[in-house]
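Listed below, chain by chain, are the residues.
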Amino acid sequence: MNNFAWLEPKSVAEASQALKQGGAALGGGIELLCLLKDSLVTPASVVNLKSVSGLNGITANDGVEIGALATLTQIAQHERIRGSYRALAQAAESVGSPQLRNVGTLGGNLCQRPRCWYFRDPEVHCLKKGGAKCFAVGGDNEYHAILGGGPCYIVHPSDLAPALIALNASVSTNNRAMPLEEFFRLPAQRMDSETVLEQGEIVTGVKVPAEMAGWKSYYYKARERESFDWALSSCAVALRTSGSSVQEARVVLGGVAPIPWRSKEAEAALRGKTLDESVAEAAGRAAVAMAEPMSENRYKVALTRNVVKIALLEALK
Amino acid sequence: MAQNAQWPDRQASRYLGKDIPRVDGPSKVTGAAKYTYDIVLPGMLYGVILRSPHAAAQVRSVDASAARAMPGVVAVLTDIGRTARFAGEEIAAVAAETEEIARDALKAIRVDYEVQPFVSNTLRGKDIPDRVGEPQVNSRGEDPDTLWALAAAVVEGEYYVPVREHLSLETHGVVVRWDAEDALTCWCSTQAVHGVAGELAAGLGVPRQNVKVICEVMGGGFGSKFSPGVEGLTAARLAKAAGRPVKLMLDRYEEQVASGNGPDAYMRCKAAATSDGQILAIKADLFGTGGYSRRWAVPFPYSTYTVPNVRAAMHGVQTNAGSQRSLRAPGHPQGCFLTETVVDELAVALKMDPLEFRLRNVRGGVWDQQLRLGAERIGWSRRASLPKSGRFRRGMGAACTTWGGGGRGGSVCEVRIGNDGSVWAGIGTQDLGTGTRTYVAAIVAEVLGLPIERVTADIGKSTLGNSGGSGGSVTTASVSPAVMMAALSARERLAQTAAAMLGVPAGEVRFADGNASAQGKSVSFAEVCAKLPSGGIEVTGQWNQALQRGGVGGVQFAEVEVDMWTGGIRVIKVVAVQDCGYYLNKLATESQVIGGVIQGIGMALLEDRKMDNGTGRQLNPNMETYKVPGSLEIPEIDVLLFDTHNQVTGIGEPPVIPTAAAIGNAVFDATGLRMRRLPMTPKRFFDAQEGRMV
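For the record, the sequence lines run as chains A and B.
First residue of the first sequence: 1, per the numbering used here; consecutive thereafter.
First residue of the second sequence: 1001, per the numbering used here; consecutive thereafter.
It is possible that part of the hints are untrue.
As the list claims (entries may be wrong) - Once the Cα atoms are required to be at most 30 angstroms apart in a straight line, the calculated DSSO-like pairs of lysine-lysine come out as:
{"#": "1", "chain 1": "B", "residue 1": "Lys-1034", "chain 2": "B", "residue 2": "Lys-1212"}
{"#": "2", "chain 1": "A", "residue 1": "Lys-37", "chain 2": "B", "residue 2": "Lys-1107"}
{"#": "3", "chain 1": "A", "residue 1": "Lys-37", "chain 2": "B", "residue 2": "Lys-1212"}
{"#": "4", "chain 1": "A", "residue 1": "Lys-129", "chain 2": "B", "residue 2": "Lys-1610"}
Worth flagging that the hints you see were computed from the coordinates, not collected in a lab.
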């Protein structure tokens, strides 16, 4: 870890200025500490966003607005979120361990870097770090992408992002707002980051629209270790139903693609159908129809098919 | 006295055989206990080691001039190693005023490596002839190839148990202070204070009696902490060069790549059983890696079963990965998993209840009794009615274990009693985490009839009486007899003084509740001590064979639930029937069994050291991706202490051995899917289901 200056900006504008001068943004600090310790980032300064007031609130009036510094525990325990936007509370509750959720923030969860073991090894100079190749290709790609990969095959680690995209959330930064779905970038679009954020740009919060409160939502996460793990495959669904008939569906996968992966194929397989086990199964199949597994992650195809099925069936309960 | 010595009847005892809370528990939970990591000495420097990033390389040159010139750098060693046989092998070292400066200095050292070809994994190396050692063949009876025609059932398969790590929470490391030109004190996180003292003396060329090793408490070893290691000797050399004490503790990456591991085991096997339910023959080729050395073997077939005809060839595979070290029951969990899976498959092929098949083939009566007991406890008769269709399916499985656990001679305990009534017991053993300090105090308290708080148990110093390393589950059966003999000898002396005070024969004096009593008369322990000859009592006790015994059996049963949609396996319950002899501390003994089962669950479901064939580096050298059970992975664990004799036996190792096998057999019972490769993750589940095996 290199030496760095510690900055405590009092406004988003001040923080933005510090980031433009080579600073790294600190929310909960969990991810930044990992990156610093492995020398994956060597910032001139660490910019403590917690010194900026007003970024840690959750407001539920017209929909729900969540500040970038709201903790995962705050989100998981928020009454309105639990009641009206269930998938989001479930996603927040599925992250890491209680200790991590108590300090981890919304902004950090959306902006965290991939967990790829080649990317995280300080001695491996992979594509994501400006190197010449993706080591997962021909390497140990057990945890890598089956959808949207190439030329780098990371998977996006966020649990909140699939749930928020399923709930049609928008994200705000200090200089723009956009649907969260448009916030993420595939490696083929951008290699040095997984988001559209430019230098000096800071996520300030997300907003889930009011009409989503009428949708049925669910987040299901398959993992190796229930106590504390990233998703092998996860699925957030939101359904607008009329009786048992699906009017509209949003299906977003986690842990299987370099970005939270919206499956229009699964959504199409649901539209107008009466959701039962065979329809859920068909939607699961549609979600992985385009999957291109690598040498060691073929299991994710069957797993993801079933994860979609489970999320859909649970959403109705 | 030596011949007649025996452990007190636990019905009548105050401490022994009862639940005894650890005497050092409060200091551990309050943070008052000082681990090696916590030691800070005046003028102390921080040592760090430069490790090869390459899996195989020769060092052409090391240029440390820039590092030496950095402010705060006090000593640099550039001759730690010249050959890297795995990524993480030690090359150079630095001692500096802070750990941060020392780590910056490492980055400033320029090493010119000549990089060489490497092989990272057994599964690749087993097919490269010059990486495979001469086979060691376990052979008895007829050649199985002549017997297959006689069999009623034949099973064949490929199996794999991966390399696992010790993952001690306190990493390896030392604090070294030179007290004179040829004398030093070393605080070391170790399971062998005397062993480390001997190795430091030999490695540094100083007299053995000038080396003092201290380990008051330690955060786990599991077989990996018998030696000072390269890090210990390096710290001593840095301290010498700097003329100041040096602390050198490994970080988590170093701990996982360079401080030992339990080897893997790949097997191709063909096995047969007769129509009357007897195992007929097993033929197998096994491959595994102990790292660069080609020395490797596992006990196969595991000795809990009678297998009359065997040909099992063990092949050690040389890989460019960290070396094996003893890991809680070295080789046994692997040998047990491989054997018990094959045994289960034979039972299924014969269409016989796996419990009945085990009862017909176990080698002795102890497993017979324990299998029946365990089956009743878990409710084996419910097995047929457990859900076997739909998304969530349930099943049960069993496996047997065996271990030594007897003591070793040579332990010496000293007991001192002052005229002020103070009682001290000292022995140069160490507490690996199993509760050694507690039973040293409890034995003396029991014999002298005192509250345990009145006894100071002093362990963890190489200056105390000899005792061996804490490995092989031998500690309790080695240490406790010596403590008992010292305590009995001290009581004999006390009885003489008390007898004179009470006017009774010494043989009639009884010590209980802080008093010495006979014939209805009583004096307090303190009053007796005040009348002792000046200087009080100083006695020693030697190991007594009659107080201990080795050879334990055990069985475990597991009940699991499998999510057929995700491959998620949840262990619902484990019943552990553990042979244990005379247990000194019931609480700590049950805790050992529970710990073994949890570690076995890790082996079954999570643990897998992953070496990258492309870069030659470990992919998961951290506790994020090398996974061990957390709170939600731990099921109900029902421990049955099976005490059939009145002698002390070690049980640190046996309870880790059969858990993974029992879980694997339960998964088959639930699903009809035989998972022959560990760990049983969702990947392995779908791979097995879709015919992708090893």
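Structure-based check of all given hints:
no.: 1; hint: B:Lys-1034 / B:Lys-1212; in the structure: holds, 17 angstroms
no.: 2; hint: A:Lys-37 / B:Lys-1107; in the structure: holds, 14 angstroms
no.: 3; hint: A:Lys-37 / B:Lys-1212; in the structure: violated, 35 angstroms
no.: 4; hint: A:Lys-129 / B:Lys-1610; in the structure: holds, 22 angstroms
When held up to the earlier numbered hints, the structure conflicts with hint 3 and nothing else.
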